[in-house]
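Sequence lines, in order, name chains A and B.
So the first sequence is numbered by the working numbering: it starts at 1 and just counts up by one.
So the second sequence is numbered by the working numbering: it starts at 1 and just counts up by one.
Incorrect hints may have been included.
No more than 27 Å apart at the CA atoms, straight line, and that leaves these computed lysine-lysine pairs for DSSO-like [said to hold, decoys possible]:
| id | chain 1 | residue 1 | chain 2 | residue 2 |
| --- | --- | --- | --- | --- |
| 1 | A | K95 | A | K26 |
| 2 | A | K26 | B | K86 |
| 3 | B | K58 | A | K26 |
| 4 | B | K86 | B | K58 |
| 5 | B | K100 | B | K86 |
| 6 | B | K160 | B | K100 |
Hints listed in this document are in silico derivations from the structure and should not be mistaken for laboratory results.
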Amino acid sequence: MTLEQIGFLVLATVTLSSALGAVLLKNLTHALLSLVLSFFGSAGLFFSLHAEFIGVVQILVYVGAIAVLFVFAIVLTREAQGDAGTLRHLGGRGKILGGLTAVVVGALLVRMILLAPHKLLTDAARAQEGGGTVGEIGMALMTSYIVPFEVASLLLTAALVGAIVIALNEVKPAASTPAASSPPLAPPIGRVR
Amino acid sequence: MEAIDQIFVNAKSFIVSTLESLGLPDWLTLLIGMVLPATLVVIVFPATFAFLTWLERKILGRIQNRYGPNRTGPWGILQPVADGLKMLIKEDIVPRAADKLLHGLAPILVVVPAVVVFAFLPFGRNMVPADTDVALLFFFAVSSISTLALFMAGWGSRNKYSRLGAMRSIAQMISYELPLLLAAVPVVMIVGSLRLTEVVSAQATEGFFGSFTNWFVFTPWGFVGFLAFFVAGMAETNRSPFDLAEGESEIIAGFHTEYSGFKFALFFLAEYLSAIAMSGLAAVLFLGGWNGPEVLPSWLWFFGKIMVLLTIMIWIRGTFPRLRVDQLMGFSWKFLLPLSLVNIFATGVWFWTRASIPGFAGKAAAFGIAAVVLLVTYVFLARINAGPAVQKRTYRYADL
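Can you make the complete structure from the sequences, with help from the hints?
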């Protein structure tokens with residue numbers, strides 16, 4: 001067994017077991033941190049495939065942004081305090097649906113892996129020898145894949161604007177219903193004659 | 001000068017070649033070659049941290065018209081040693097209700113990214129521990145991990161102040177990560193690489209006086225980018241006046257309320273290490289890295305720049321009051337973010353004007369246009385962000 005294979009086995013074990021932990025752990029915070037570990041594992045897999053840029057972006061986006069978003073959701077949700085037992089588990093129907101989704105996604109992934117050309121690996125290794133993959137990824141994004149790139153950025157901008165609009169939606173109490181307006185003010189304190 | 005400049009590089013290659021001649025296997029010499037710079041980083045920067053705590057207390061003392069530490073050794077220079085000893089022999093207290101795993105893991109996880117980011121900084125000519133083509137992104141990716149460590153500390157402690165502090169620090173870190181990244185983008189646009197050694201060599205020129213004219217801070221976009229980067233970097237490392245996450249007048253000590261002894265010292269260490277690393281990255285991106293007039297070796301230039309930036313951080317800490325939470329968010333989202341976005345635009349204009357008009361005229365036009373664009377943006381943003389004008393305070397009795 002070569003060094004690369006041992007590295008792959010270690011990374012794959014870490015990724016898979018922590019991904020399982022993310023699903024199975026009872027404590028929400030522990031599940032989240034387990035998910036983060038699995039993100040790191042997949043970043044490590046990218047590094048071992050000589051795709052440094054993708055690995056770094058994996059850490060930057062998934063650990064630096066998406067996991068932090070989850071953290072925000074946990075911190076701001078009153079119900080899920082992260083204690084064991086606060087997580088509601090799926091019933092029988094949910095389990096079947098979830099299992100079906102997992103099987104479909106898994107099958108699609110296997111199909112994609114089988115479809116991928118085998119020379120991808122050697123190409124990536126050669127690109128890493130010749131000064132890195134960042135330049136080539138940038139060129140591809142700006143030439144052959146410019147339309148998907150722009151569409152994706154437009155979509156993200158729309159989502160951003162939508163989020164701001166939802167957050168801005170402060171319903172002001174109507175002037176015609178004085179009963180629903182501000183509660184009676186407390187008497188001013190400290191005014192002594 | 002050449003010999004002093006390359007002293008560390010030569011020492012490393014000497015050690016490695018000696019080991020090779022001793023007949024060690026290849027993988028072992030390779031490993032030692034990798035471990036040597038890492039060891040140096042792990043020794044030098046915590047030492048800088050110790051010195052920095054002393055310097056900070058001394059400078060803050062001077063700013064506040066007092067002496068600062070002056071009992072241990074000459075000028076109190078041994079104060080960090082006494083502090084470290086005190087931290088080591090203190091009792092380690094873990095709250096009964098705490099999540100033991102997260103509470104124990106957090107101080108370690110907060111130090112690891114703070115140390116790892118030093119691997120990507122070029123400390124001098126031919127002196128960079130890990131020279132990858134994504135070094136800049138690596139730096140940001142690794143430093144973004146510390147957000148999660150702070151969350152673990154605040155969450156695992158089971159203390160309302162810890163939790164509030166963790167929440168504040170997460171909100172602050174994701175708000176300031178954006179302007180931080182965007183302020184670094186113009187440099188990448190001009191250099192055309194994420195490799196930090198290339199960023200440094202793009203700012204190099206020949207000659208004695210010419211050796212600092214090429215620093216990016218002397219261009220309009222570089223100046224704005226440097227200021228935005230420095231401010232966002234200070235917020236990112238929780239330095240005062242952005243230290244709401246541990247605002248002691250409101251939430252005791254924020255996320256590290258429940259830590260004592262050496263675990264507390266680790267949080268302290270991580271904060272200072274990331275401040276040093278952020279100053280180092282600012283020096284690499286905008287202040288020419290290790291470039292400078294050749295009267296000093298390159299690594300000394302780099303350290304000097306870091307120390308100057310850290311002193312400015314301490315100076316700012318001694319001068320400004322802590323920001324309020326809405327001011328903090330508003331400053332990032334309504335001022336720094338639009339400014340860095342316009343800065344990217346100005347960099348593009350600067351680049352294309354220089355490329356399309358040859359000679360000095362093109363350079364002057366590029367400088368002028370970029371400066372005007374940025375100045376107008378700055379004035380506009382400052383106007384719309386200005387709060388209601390402060391009314392003149394009248395004192396009924398004091399003015400008599």
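Hints and how they fare:
1. A:K95 - A:K26: holds (16 Å)
2. A:K26 - B:K86: Since the Cα atoms of A:K26 and B:K86 sit roughly 39 Å apart, the hinted pair is violated (cutoff 27 Å).
3. B:K58 - A:K26: violated (50 Å)
4. B:K86 - B:K58: holds (19 Å)
5. B:K100 - B:K86: This hinted pair holds, its Cα atoms lying about 24 Å apart.
6. B:K160 - B:K100: holds (17 Å)
Figure legend: structure checked against the earlier numbered hints; hints not met, in rising order: 2, 3.
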